[in-house]
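Its first residue numbered 409, the sequence shown is counted upward by one per residue in my numbering.
In case anyone wonders, no lab produced these hints; they're calculated from the structure. Treat the hints loosely; a few may be bogus.
Said to hold, decoys possible - Derived DSSO-like pairs (lysine-lysine); straight-line CA-CA distance at most 30 Å:
no., residue 1, residue 2
1, K429, K495
2, K516, K550
3, K495, K516
4, K491, K449
5, K491, K429
6, K429, K449
7, K449, K506
8, K506, K495
9, K506, K550
10, K495, K449
11, K506, K516
12, K491, K506
13, K429, K506
Since the structure is predicted, the reported quantities are computational estimates derived from the model, not experimental observations.
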Amino acid sequence: MRSSPVSKKVSRLSEFEIECKGLTKRFGAFTAVDGISFGVKRGEIFGFLGPNGCGKSTTIRMILGLLSPSSGSTYVAGMDSAKDSDKIRQRVGYMSQKFSLYDDLTVKENLDFFAGIYGMHGSVRRARIDEVTNLIDLTEFKNALVASLSTGLRQRLALGASILHSPEILILDEPTSGVDPLSRRRLWNLINELANRGRTILVTTHAMDEAEHCHRVTMMQSGHVVCTGSPEDLRANQVEGIVYTIDCHPLFPALSAAESINGVVDASVLGSRLHIRVPTGGISPESICESLRHSGIMVSGFGLGETTLEDVFVAVAGEAS
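Go ahead and model the full structure; you've got the sequences and the hints to work with.
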């Protein structure tokens with residue numbers, strides 16, 4: 409007997425709230441997204457990582473049904489994005505890269521406007537606006553014009569506007585772009601709080617360190633998915649070799665010198681130190697330090713470092729290119 413559409417939807421929802429299958433988008437001769445597949449499980453924070461221009465925002469627009477795929481499919485809460493985009497947008501809170509706020513309105517007036525769009529009325533509307541204003545910690549700014557707010561406060565307000573209708577799924581496109589470190593931390597605290605309340609969250613970013621806040625991540629490069637997994641699994645299984653940190657001066661000439669040392673796989677600056685990856689059993693840190701000294705670099709010490717998600721991306725993106 410053929411399965412009914414309802415049974416298919418239940419089966420899909422049992423594992424993924426958001427699912428992309430062989431998703432491709434072409435603009436003329438340019439392929440922005442090339443046959444990608446991934447799934448976001450219910451109740452998780454899923455990081456969608458990659459440099460600007462790699463296809464993240466194009467993928468988000470297809471997931472929301474704002475853009476038709478060239479091939480492949482996307483499902484949200486068991487619904488086909490190409491056929492049920494209106495229903496999907498009722499179930500999803502979307503925070504875009506660009507502010508969708510009105511500068512000449514206050515914080516409260518912006519929230520009141522969006523609550524009206526979501527069809528909220530009367531005491532329910534007022535209570536929800538107060539609840540969200542408190543959650544995003546903007547009560548003291550509720551009568552301030554949006555034009556007067558810092559970027560971090562505007563981002564918190566944009567996040568608040570996206571959750572007014574209590575969506576079960578949140579899609580946040582570069583939510584921390586352009587904000588200071590303190591505001592970024594506060595935004596991630598909010599995202600974690602929403603996840604703790606049972607929301608499924610897909611968040612895009614080009615900042616690899618932000619992936620540490622996610623349960624799982626997918627990394628994209630030039631329209632392709634290059635790896636998917638938890639941050640812990642990716643660090644443990646996607647990068648071979650040993651990482652050393654080296655204290656030296658001057659730092660950037662030392663980086664150039666390190667990159668030319670035979671046996672060094674990758675070198676970068678991490679804080680005030682060099683971050684160097686070598687094959688297991690390869691060149692020793694003492695030899696690296698000696699080579700740096702021969703190049704006129706002052707070396708004061710070295711230690712064992714940890715693989716970062718940036719190391720993972722550099723490794724897998726290099727293999728994929």
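Hints versus structure:
For the given pair, K429 sits about 20 Å from K495 by alpha-carbon distance, which is consistent with the 30 Å threshold. For a cut-off of 30 Å, the pair hint linking K516 to K550 stands: about 5 Å separates their Cα positions. At roughly 27 Å between alpha-carbon atoms, K495 and K516 fall within 30 Å of each other, so this suggested pair holds. Under the criterion of a C-alpha separation no larger than 30 Å, the hint pairing K491 with K449 is consistent with the structure, at around 22 Å.
Between K491 and K429, the direct Cα distance comes to roughly 15 Å. Compliance with the 30 Å bound is thereby established for this hinted pair. Taken as a hint, the K429 and K449 pair is honoured in the structure, with Cα atoms around 15 Å apart against an allowance of 30 Å. Taken as a hint, the K449 and K506 pair is honoured in the structure, with Cα atoms around 26 Å apart against an allowance of 30 Å. Between K506 and K495 the CA atoms are separated by roughly 23 Å; this keeps the pair inside 30 Å, and the hint holds.
Using a Cα cut-off of 30 Å, the hinted pair K506 and K550 holds, with the two alpha carbons roughly 21 Å apart. Restraint check for K495 and K449: the C-alpha separation of about 20 Å stays at or below 30 Å, so the hint holds. Only pairs whose Cα atoms come within 30 Å are accepted, and K506 paired with K516 is accepted, the gap being roughly 20 Å. As the CA atoms of K491 and K506 are separated by approximately 26 Å, the hinted pair is consistent with the 30 Å bound.
In summary, the hint linking K429 to K506 is supported, as the alpha carbons are separated by about 27 Å, within the 30 Å threshold.
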